[in-house]
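A.B. asks: Sequence:
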Amino acid sequence: MEPTPTSTQEEILAGDNPLNYNNTTPNQYGSNSFSTPPRPSIRCPALTVFLHQLNLSQYHSLFVEAGVGENDLEQLLGFDEAELKEVMSAISMKPFHSAAFKKGIRELRQTYSPMLSSGHSYPTPLTYPNVQSTMPVSPVEFQTGSMSPTRKLIKIAPAGEKTPTYLDKPTRPAKMQSPFLQNTAQPMQEDQDVFMEHEPTPQDILSTPTNMILSESSNSLPINTSTTSKDVIIHHATIYGKNSPRQLTSYEQAINCAAIELALQDPALVANKGMLFEKAKEKLLREGYSYKRGASRSKLNPNAPKPGSRASRATLRAKRNAHAAQNSEHRNARIAELERKMKVKETQYEMAIEAMKSKSAQKDSDRAQIALEELEKERIEMGKELVILKSKERKHRWYEQKKKERMDPGFDESVEESLNDDNDNEPKQNVKLENSIIEAEE
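To convert, note that position 240 of the sequence shown is 240 in the UniProt record's numbering; the numbers rise steadily by one, no gaps.
FYI, nobody ran anything at the bench for these hints, they're computed from the structure.
Heads up, the beta-carbon is just placed ideally off N, CA and C, and yes, glycines get one too.
Subject to a maximum C-alpha distance of 30 Å in a straight line, what follows is the list of computed DSSO-like cross-link-like pairs (lysine-lysine):
1. K273 to K283
2. K377 to K395
3. K345 to K377
Okay, the calculated beta carbon distance ranges per label pair:
4. K402 to V344: 30 to 38 Å
5. K103 to N243: 32 to 40 Å
6. M275 to E329: 41 to 49 Å
7. H52 to S229: 53 to 61 Å
8. K273 to E339: 53 to 61 Å
9. E252 to A371: 49 to 57 Å
10. Y399 to T347: 32 to 40 Å
11. E329 to E373: 33 to 41 Å
12. A371 to N243: 54 to 62 Å
13. T249 to S229: 27 to 35 Å
14. T249 to K273: 13 to 21 Å
15. E400 to I239: 42 to 50 Å
16. G288 to S229: 27 to 35 Å
Sequences are here, hints too, so could you generate the full structure?
C.D. replies: The following block contains the structure:
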């Protein structure tokens with residue numbers, strides 16, 4: 001059974017319509033135009049009241065001296081930050097009080113901004129032909145600081161009755177719209193109107209939004225979460241370099257790869273990063289990862305030294321002696337090589353001097369001079385390196401001699417004298433070499 005025309009109208013309660021139609025004059029219903037509503041009478045609080053609310057009454061006299069009147073608070077709300085800062089500079093307020101005052105201004109501006117914007121501009125009256133209203137319109141009441149409606153009346157009337165039944169229905173706040181926009185959007189909202197042939201029940205009232213929610217959820221598209229979940233697991237399984245742009249070492253990269261592989265196999269490991277890290281180290285140790293120091297020092301390695309255990313003194317001494325002997329061997333080889341090169345450079349240097357003397361042309365003389373300077377620089381660099389290496393080797397031999405004296409009281413004195421003679425001769429040779437280098441630099 002189709003509803004009567006009287007049941008297809010939706011009436012608005014206080015706050016629903018941004019235009020407050022005046023219903024005090026009975027002859028305006030059925031007319032061809034709507035009257036312009038009066039502006040809402042909302043005023044900003046006085047300066048004294050505002051300062052009292054912020055517990056800043058002690059600054060009232062300073063505001064008056066700065067030129068702010070009791071009714072000038074509305075102008076302060078229209079100031080921008082620069083203008084407000086200029087006003088505050090004339091009032092010596094404490095920093096905390098100044099921040100509290102600015103916060104109060106911002107809150108007051110947000111509250112009264114709908115009423116204070118652009119001089120309260122309202123749309124011009126529109127004329128509609130053959131518009132008649134058979135039902136009285138409720139007076140519109142605005143909440144302070146809000147132009148949005150608070151509730152809506154939905155008229156529900158049986159088919160055979162002319163007296164409508166109004167149902168109080170809470171609605172969400174809506175933006176202001178002109179009557180023309182409301183009439184245009186009305187055909188699109190017909191599916192939201194409720195028409196019933198009997199008295200409404202709570203189940204009837206709640207049925208429409210519930211069905212809408214269920215239909216929206218049922219029509220949602222399925223999302224493929226396989227790729228997304230894999231990316232999430234990889235992100236959370238990464239141990240090194242997640243929040244750092246530095247370049248990772250080979251060990252850190254290997255740990256990340258092992259952790260990601262384990263987490264993809266068992267995503268539950270992501271919840272326990274410690275266990276994931278231990279399993280990643282076990283995986284590297286099991287797969288034979290080549291460590292920088294030759295072997296893993298982790299406690300997972302059975303061959304690693306146990307915590308608290310120290311190697312014997314003999315083992316440490318033997319290791320130290322082997323390392324010192326190896327370094328001494330490398331130094332001696334480098335010293336021999338540098339001495340050989342020094343002899344070659346000296347020969348080349350002498351030949352360059354002779355060639356420069358024999359050259360008569362200017363270009364040939366310049367080239368010989370450049371070659372001579374390069375040879376001199378190479379000689380100086382090799383001489384410096386040779387002095388440093390011989391000094392280290394001399395110190396090593398002295399240390400080895402003292403060590404043998406401590407360990408072996410019957411050390412052969414002839415060997416000691418030969419070592420001392422060598423040590424005495426080496427400084428003299430080094431001094432001569434250093435002097436020759438200094439003379440060459442000069």
